[in-house]
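S.K.: So you can see what is in the structure, the chains are spelled out below.
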Amino acid sequence: MTAPSTHTTKPATGIAALLKTAVINALIALVLFSLMVGIRTEAGSDGQLTYWTRFGELASLVAAVFGGSIVIELLRQWIGPAGTERLVPPALQKGVSLVGRYLAPALLIFTLLVPVIFYNQRYILDLAILVLTYVMLGWGLNVVVGLAGLLDLGYVAFYAVGAYSYALLATNFGWSFWICLPLAGILAAFWGVLLGFPVLRLRGDYLAIVTLAFGEIIRLVLINWQDLTGGPNGVSGIPRPTLFGIPLDRSDDGLAAKLGIEYSATHRIVFLFYLILALALLTNWATIRLRRLPIGRAWEALREDEVACRALGINTTTTKLTAFATGAMFGGFAGAFFATRQGFISPESFTFQESALVLAIVVLGGMGSQLGVALAALAMIGGFELFRGLETYRMLVFGWAMVLIMIWRPRGLVGHRAPTVYLKKAQAISSDLVKEGHG
Amino acid sequence: MDYFAQQLINGLVLGSIYGLIAIGYTMVYGIVGMINFAHGDVFMIGGFIALITFLILISLGLTAIPLILLVVLLVSMAITALYGWTIERIAYRPLRHSFRLAPMLSAIGMSFVLTNYSQVAQGARVKPIPPFITGGHTLHESPDGFVIQLSNIQIMVVITTIVLLAIFTWLVSSTRLGRDMRACEQDQTMAALLGVNVDRTISMTFVIGAALAAVAGLMYLLYYGLVDFFMGFVAGIKAFTAAVLGGIGSLPGAMLGGLAIGLIETFWSAYFSVEYKDVAAFSILIVVLIFMPTGLLGRPEVEKV
Amino acid sequence: MSGDKILSVDRLTMRFGGIVAVQDLSFAAERKKITALIGPNGAGKTTVFNCITGFYKPTGGAIRLTHDDGKEIALQRLNDFRIAKQAKVARTFQNIRLFPGMTVLENLMVAQHNMLMRASGFTLLGLVGAPAYRDAEKRAIDLASDWLKRVNLLDRADDAAGNLAYGDQRRLEIARAMCTVPALLCLDEPAAGLNARESAALNELLLSIRNDLGTSILLIEHDMSVVMEISDHIVVMDHGVKIAQGTPREVRDDPKVIAAYLGTDEEEAVAVMESGS
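In order, the protein sequence lines correspond to chains Z, D and L.
The numbers in this note's numbering rise by one with no breaks, and the one at position 84 of the first sequence is 84.
The numbers in this note's numbering rise by one with no breaks, and the one at position 248 of the second sequence is 248.
The numbers in this note's numbering rise by one with no breaks, and the one at position 206 of the third sequence is 206.
Be aware that a few hints might be false.
Here are the in silico distance ranges between beta carbons for each label pair [what the hints assert, rightly or not]:
{"no.": "1", "chain 1": "Z", "residue 1": "54", "chain 2": "D", "residue 2": "63", "range": "34 to 40 Å"}
{"no.": "2", "chain 1": "Z", "residue 1": "285", "chain 2": "D", "residue 2": "189", "range": "44 to 50 Å"}
{"no.": "3", "chain 1": "D", "residue 1": "189", "chain 2": "Z", "residue 2": "225", "range": "36 to 42 Å"}
{"no.": "4", "chain 1": "D", "residue 1": "189", "chain 2": "Z", "residue 2": "48", "range": "53 to 59 Å"}
{"no.": "5", "chain 1": "Z", "residue 1": "351", "chain 2": "D", "residue 2": "163", "range": "47 to 53 Å"}
{"no.": "6", "chain 1": "D", "residue 1": "175", "chain 2": "Z", "residue 2": "226", "range": "52 to 58 Å"}
{"no.": "7", "chain 1": "Z", "residue 1": "289", "chain 2": "D", "residue 2": "175", "range": "55 to 61 Å"}
{"no.": "8", "chain 1": "Z", "residue 1": "225", "chain 2": "L", "residue 2": "166", "range": "54 to 60 Å"}
Quick caveat, the hints were computed from the structure, so don't treat them as lab data.
These numbers were taken from a predicted model, which means no experiment stands behind them.
All C-beta atoms, glycine included, are put in the ideal place defined by N, C-alpha and C.
Just chain Z, with the same shape it has in the complex (with noise of 0.2 Å):
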């Protein structure tokens, strides 16, 4: 980030000078949304186009474009230029890292304990497990972006291999949800193994755009095979989780009965709850152990340098390979999480926005920091929930957000990375250094 800016507008100094910017950004703002707000149309009831004006609202957004450069030009001369000094000085930074050493344990405990303290609240509950299968979602991408440094726009695909995965077998044979959640595992692995053999040779953007390109395939042969999937309605009535064999349900076989306490529908949701956190914990713990494995250094190595990878012996193909069938198994287990807590998917719910969702937790997260993707899933989704009931202005506002995130801070929350072996002391090395890999 200290490579020379070509940037040579000067900061406004003076008022005239600030004023002059508002101006032209209003202007600018007024030519941008003349149409597109000034005038709404609409297909009327004989399929006729009609339109009418909206000036006002064209005016206040105006007049928002005006006082926002105002305050923005304000705030970059109170701060001083962009990009000449952090914005987070490294004394901070340091104590952002102590902060983080107990922050981790504390989150963990808080997340043991919310379905007790929270055990009447039922969207909050809801809202934990989404959370949840977001931060699961966002570590297991991370095995594939953050460590190799591949860049994998597809990786909804996987979420719905495994999502389809269970639903199919549980409706169609009647398999439980716990031999069906390793088949989907496997079966997104399989997947991963099966796009990445021929992809894996190319670089950068080409990756993300097959891997896209990939997603958006599945998702329409999920589409269009009616036979097998249902189409656009997607699959119904599939099973719900059971406690190894028992049921949790109203029924004389059901926990409830069996332990002899009265039955509530929480108790499924409470299950649901520790069932995700145990998936999300355990592709932690297997990051984590993979990171200190040969195979998770060769992984970062190949994120730093794959040619020098090549030149020390290093398979780059089967490494990249691992990792993207490693992201991608986790991918599935999520998938399946996801089908049996909604009893009903579609292809609906494995858009691109899903894949964009996911890895925008990653980035922000700050590649490859397992606390950083965790926090970012919280900040991310908790944020989306603001905004239900405004669905249309969600995702306008995440794609602000996405934009925004990426000026202010590209290189995430946590911005350094813990060596995996060490002699004396470990000492974090600054992002800065940390390369993002080509792929």
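With chain Z fixed as given, assemble chains D and L onto it according to the hints.
M.R.: Only chains D and L this time, still in chain Z's reference frame:
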């Protein structure tokens, strides 16, 4: 045979539209080295602006079709170009020297912003317009009654594309701006040292790419008679496929790739299945990247050790 | 030239499109000796290196490696990582290629990847924490520490490789290559950018690698103080062909070599040489 000829015409017309979008991808990739993920949505915005301009002009009582078309073309090119400029300024320029993933994610974010901005501003419903340019020519009528049609709109799409390509080729090969663009493509630092205004050149690249996407948007609107807020995503990926197929960074390649994708998609729909036409396009992207990563007209890349 | 050859290059040719980078090049490197490949810029030295280490597939010719046990390997048939893994040829790069975001120690651990992979039962044993793997990892750390001592970087073991000074990075890259326990060590301009003191230390390091460990070395170098002092045998290239070879003494006095370096024709070179001596 007649059916084949008809599909050939349809495919070439669709391919022209893809080619126009693909040029935007290929130019930006050539100079900045990033996939401008939001470019498909810029195309969508172009279509919407063309639609709205049409509505206004018609309600103003204009009837001269050539005049209307010209005004719509100019307005949508101008406003969409400003969109392209603004996007680069806000979302990409601050990240130009950042690490490689950042502009890509910023572009994905921008794509979401544009898609949903359009949905919020204009609603989610498909927007149809009445057929505007009607009529056509019957090229051939076979004894069993099958007719090969070449509609006026098809002629217009192809002619507009050819004219724009001619202007554009002249721009890149013979003007100062074109020379600056090629210089930045080779080496930005060196170009800057030699007095090329790199910022402005990159801005202009986005402006030109967006203007061409706007033309594609207008053509799409006229050809299919509708626009919707989600059309940019798939069209964008297909146009990107076209750019890669032609050899990313190569302008004639983008057009050639566009035509190829248009033909493949049309023939696939005509002879196999409409449902899987997008699957076919995406599969081609994968196959091309694996077996021909430099595309049809791209320069081979020698690995530097 | 007599003795036991570890590497023989036979009529090696490499073309890029219409450009011939290396033409019919033949030479050999002796076991437990230091062989230098020198020549002006653009002579094709790095291309030869890339052919030997599998980054390029030669257009023609053969490259034969003979291990200590007499096993012969045709390098032109192996590709990519297999040359390092099976043929045990390690290399460094002209523009240092470390893993900058990993620590110095981690860099050396990655070099022992194949050994550790086997020890970790291809990850499965390692994942459950088998003692056999833990022992192997301990031995790997010991080997790494040993090399860090040799290249004088032991107290930097836990620093990021990207934070090392340039000269330290060069030495670390050699240590990393040596951690693969190679039969042949190929060094691409190891002295480039080093100051006189660092250069002298490099000489000592390379001589100790040859004398103490008996590892054969093939190196490309521009720095004549390094080449002349430590090489046992020198091969001179220009414009993709071999123009001379022999001991440092023989090469130094060869008018063709001087002509190639000074860019003059032979007669002038002889004149320059005579006036100088």
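S.K.: Determine which of the earlier numbered hints do not hold for this structure and return their numbers in increasing order.
M.R.: 1, 3 and 5
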